[in-house]
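Let the hints inform the model, and build the full structure from the sequences given.
Line by line, the protein sequences are chains S and C. Take 1 as the starting number for the first sequence in my numbering and just add one per residue. Take 114 as the starting number for the second sequence in my numbering and just add one per residue.
Worth flagging that the hints you see were computed from the coordinates, not collected in a lab. The model shown is predicted, which means the values in this text are computed figures rather than measured ones. No residue lacks a Cβ here, since even glycine has one placed at the ideal position from N, Cα and C. Possibly wrong hints are sitting among the right ones.
What the hints assert, rightly or not - Below, a list of computed lysine to any residue pairs in the SDA-like style, where the Cα atoms sit at most 25 Å apart:
#1 S/Lys-100 <-> C/His-154
#2 S/Lys-112 <-> C/Thr-195
#3 S/Lys-42 <-> C/Asp-186
#4 S/Lys-42 <-> C/Ser-174
#5 S/Lys-42 <-> C/Val-165
#6 S/Lys-100 <-> C/Thr-126
#7 S/Lys-42 <-> C/Thr-190
#8 S/Lys-42 <-> C/Thr-126
#9 S/Lys-112 <-> S/Met-48
As the list claims (entries may be wrong) - Label-pair ranges, simulated between beta-carbon atoms:
#10 S/Asn-53 <-> C/Arg-143: 24 to 30 Å
#11 S/Ser-8 <-> C/Thr-195: 26 to 32 Å
#12 S/Ile-18 <-> C/Arg-143: 36 to 42 Å
#13 C/Glu-172 <-> S/Ser-20: 25 to 31 Å
#14 C/Pro-121 <-> S/Arg-60: 32 to 38 Å
#15 C/Thr-133 <-> S/Ile-18: 28 to 34 Å
As the list claims (entries may be wrong) - Derived contacts from chain S toward chain C, CB cut-off under 10 Å, selection only:
#16 Gln-31
#17 Leu-46
#18 Lys-100
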Amino acid sequence: QKEVEQNSGPLSVPEGAIASLNCTYSDRGSQSFFWYRQYSGKSPELIMSIYSNGDKEDGRFTAQLNKASQYVSLLIRDSQPSDSATYLCAVNLIYNQGGKLIFGQGTELSVKP
Amino acid sequence: DAGITQSPRHKVTETGTPVTLRCHQTENHRYMYWYRQDPGHGLRLIHYSYGVKDTDKGEVSDGYSVSRSKTEDFLLTLESATSSQTSVYFCAISNGFNEQFFGPGTRLTVL
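Have a look at this one:
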């Protein structure tokens, strides 16, 4: 059974702090990794994608991938109340040919003013 | 929402009735997907399409069928709706380069 696991939270951090969201996956052959943000009552919004080991930074967001440990994380620096949402980790077994995403159940993040 | 619309946005129906949900895209993307999202289960793939008239099953396809006669439209049909199909349904599209973009969703209630 291919699985993607996340802590459900809620994860509560004060405004201005670093929020760290974690995700592990079971299939060692996974090739593509994504983080989506979902506000309550809204659709998932892609915020980061990462394909190779290491860090990828985009503004206040940093995605980290470690394929040997089957671990992907998302760091949010200078967290804002507007970052309060559920963050979904998704994994794809293939690269550049469409394919199917497997989602974790999401981590709820709450940023307190 | 990356040029994706879903209709209807909300629907209430009764057990045993047929229901069709529509996903329409203006991006000319090859791949289209239908997911359902339920508390405790996250997002689960129902069916997907990799081209016109080319479709395949996802992990929760029982009770659902799909059709894609044009690049821009992907229809999801519940032949005989059941209460277990009460959910939020999302359509997603991809150009094949890995990333998927989601539509606004349809909230379906089966009484």
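Now the hints, each set against the structure:
no., hint, verdict
1, S/Lys-100 <-> C/His-154, "17 Å, holds"
2, S/Lys-112 <-> C/Thr-195, "40 Å, violated"
3, S/Lys-42 <-> C/Asp-186, "22 Å, holds"
4, S/Lys-42 <-> C/Ser-174, "23 Å, holds"
5, S/Lys-42 <-> C/Val-165, "28 Å, violated"
6, S/Lys-100 <-> C/Thr-126, "30 Å, violated"
7, S/Lys-42 <-> C/Thr-190, "22 Å, holds"
8, S/Lys-42 <-> C/Thr-126, "22 Å, holds"
9, S/Lys-112 <-> S/Met-48, "23 Å, holds"
10, S/Asn-53 <-> C/Arg-143: 24 to 30 Å, "29 Å, holds"
11, S/Ser-8 <-> C/Thr-195: 26 to 32 Å, "27 Å, holds"
12, S/Ile-18 <-> C/Arg-143: 36 to 42 Å, "38 Å, holds"
13, C/Glu-172 <-> S/Ser-20: 25 to 31 Å, "29 Å, holds"
14, C/Pro-121 <-> S/Arg-60: 32 to 38 Å, "36 Å, holds"
15, C/Thr-133 <-> S/Ile-18: 28 to 34 Å, "46 Å, violated"
16, Gln-31, "8 Å, holds"
17, Leu-46, "6 Å, holds"
18, Lys-100, "6 Å, holds"
Going through the hint list in order, the structure does not satisfy hints 2, 5, 6, 15.
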